[in-house]
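Peer 1: One-letter residues, chain by chain:
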Amino acid sequence: MDLTETPEQREYRMRAREWLEANAPRNWELLAENYDEMAKVLKEWEVKLAQAGYTGISVPKEYGGQGLTFMEEIIFYEEMGRVGAPRGINNIGKNLLVPTLLAAGTEEQKKRYIPKVMTAEEIWCQGYSEPNAGSDLASLSTRAVLDGDEWVINGQKIWTSFASEAHMCIVLARTNPEAPKHKGITYFLVPMNTPGVTVRPLKQMSAKSEFCEVFFDNVRIPKDSYVGQINEGWKIANLTLTFERGSGTLGRTAIYMKAFHELLALSKELTVAATGRKVIEESYYRQKLAKSYIEFAILRYHGLNICSQIVNNQKIGPEASLQKLYYSEAHKRFGELAMEIESEMANYWFDSALVKGKLQLSYLESRADTIHSGTSQIQRNIIAERVLGMPR
Amino acid sequence: MYFGFSDEEKMLKKSFRDLMEKHAPIDYVRKFIDEPKVSKSLQNLIGQQGILGMVTRNGDRYEGVLFAVAAFEEAGKALLPFPLLEGVLGTYALSRDETKEDLYAEVLEGRQLVTIAWHENGAPKLYRQGEGYAAFGSFHGVPFADDADRILAFFQAQGTGMTPSEETTLVILDRRHPAVSVHPLKAMDLTMPVYRVEVAGYPVTENDIILKPGDGLGLRREFEQLGALFASAEMLGLSDAVLYKTVEYTKVRKQFGQEIGKFQALKHMAADMYLMLESSRVAIIYAGWALESGTEPESVSIAKAYTSEAAMEITGMAIQMHGGIGYTWESDMHLYFKRARRSAAAFGDMFAHRERVIQTLLEKVGG
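Taken in sequence, the protein lines are chains A and B. The number in this note's numbering is simply the position in the first sequence, starting from 1, with 2 added. If you count the second sequence from 1, position 101 lands on 82 in this note's numbering, and the numbers rise without skipping.
Simulated from the structure, these hints should not be mistaken for lab results. Nothing here was measured: the structure is a model prediction, and the numbers come from that model. Watch out, some of these pointers could steer you wrong.
A few chain B residues facing chain A, derived, Cβ under 10 Å [stated by the list, open to error]:
| # | residue |
| --- | --- |
| 1 | Glu(-10) |
| 2 | Gly242 |
| 3 | Gln245 |
| 4 | Glu279 |
| 5 | Arg337 |
| 6 | Leu343 |
The C-beta atom is built at its ideal place from N, Cα and C for all residues, glycine as well.
Construct all of the structure, not just a fragment, from the sequences and the given hints.
Peer 2: This is how it looks when you write it as structure tokens:
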């Protein structure tokens, strides 16, 4: 066991912290009701990150990245969480497309797409889910048919974050309807300005509206616009899925810990109507707060564990499902506790609420965590079948 | 950066597991339950492994904590009916006092069996008597006291400090001395027989005291801290064993014409058990590292609070997943369930450790 940072890593952390404190947008999450304003703030932030050398921290220099290691990347995300900075508007580009191309893209694709993510010139979105393909993603029905030198795509995607701002979209589409469902899907890269692509925003229960529906109506893209092999898109999509599930844990922990400390501070202020004592003086709440803190502390240990696996080149397998299940369920319980502590004040929202409604947002958004990127039920299936070997 | 057991720690874990599988399989545990007597040969084998002397102190840090954690995990898996925790802590206490070298060597090598009198009835006291003291006191929950050669017990040495806790003194009692009497208590957890121990006028000399009269408080706190971590590691081990046994059972048991493991209701229970198991694991390893690094002492409370709840949940769910057979005496499930219950309360229960965590947090943020 060795969890000590090298002096260089420590210095990197300190520099990042200083830069973030000076530059990170504050209270951006309170713009939830104003989509245009939020998108603007996030786009400006994305450019700032890129210019300061905080995009593609572990991406090789030849593709416009910083050429550092995974450790620096983790450190930066942890520091971002600590100050409550947004991750930007191009998470799909940075955390999904780039690792996928690095692992499975052609040299030409790497040179064409990665640098523009690094400079924040091209924003990406993710066309995976469909109205009838949610948990059963592999049953997706968006079709791509080869017509001469072009693929013609028809279908509909949903839950596509920031599609209205995106320049490019990763589209999973069926290219062989005869094959078993996992074996007839191809991983396409589609420019959003192609004729036939239309975007319709979708308002979420958190009042944010970054989610969109994207419609593909005879969308024609060049023949070579796919990653990996034709009909092997499922494999390509899964390459980065476990990475995505596992690597964000430390950054996420820092975000939750910040919210936890906001709740702890509030617990010292608020009085419990039934007893006249402060929340923090009530054993009932002390126990629940401790339990929540313990869950987040253990989330951090999980994060360190998975980083260690990545750094030491061990494979992350289906165990990544554990992290997804753990953090989303812990976040949900935290949101519930925050609302319980606020009691009747919990109903107030945005600037009428305590702490500007940040805890309301955490509470509402936690209901998405247990659904997106594979619901808690899907994660449990994966753990039971692929980790524990229970029969299908 | 590396998270997890080192290669050396893994090697020790493996060799301790081999020892358990060979000399303390579940049949041995069952036999022990019918006739609770510690086997001398097992005692010697554990001594030969050197595991009892793993933990030492170096300034404000411990050494060898993760080695011990690895061994306790394996002991928990095996439901080992042996005072391993008392042996490790007893040896640790003896190692702190240079004048106890001879006894240290005997205990370390498994020639003498040591236990610890964990719970006082009232306040056991040492009264001045000539050059030494006369010990009076009553204790309960003393594990394996009947088989033990030595019993370590805390007394208040009258007149050595300003407050009772400053008078805390750790005394080595000879179990066979006529002033010591041992009475069996009935307990749910049959893998750890417990006793009431009465001490009536036991003559204590300087030789029988670890460190000096009034030096016991620090040792007691160390016992509680290490004990909480090692009990957690035992719970981790038994939870691990119970989860994988249960998963195997769901692959062979058939109902409605199929293996019950195919039912999603059971898969989701197993997945939740796995989540709690692996979360206990990282918490325990982290806490072991923290003690070895002299940092974040609250991480022991984090591990103990979480693991206690997890082990009780996991062993309870295991009974449920077994169905009717899981409720029988013949099934091993109740052995794990009862041992988890006992360990969950030992060295501070969930309530106590959560309270400690929140106190530490409030101190940190200044409130």
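Peer 1: Which numbered conditions among the earlier hints are violated in the structure presented, ordered from lowest to highest?
Peer 2: none
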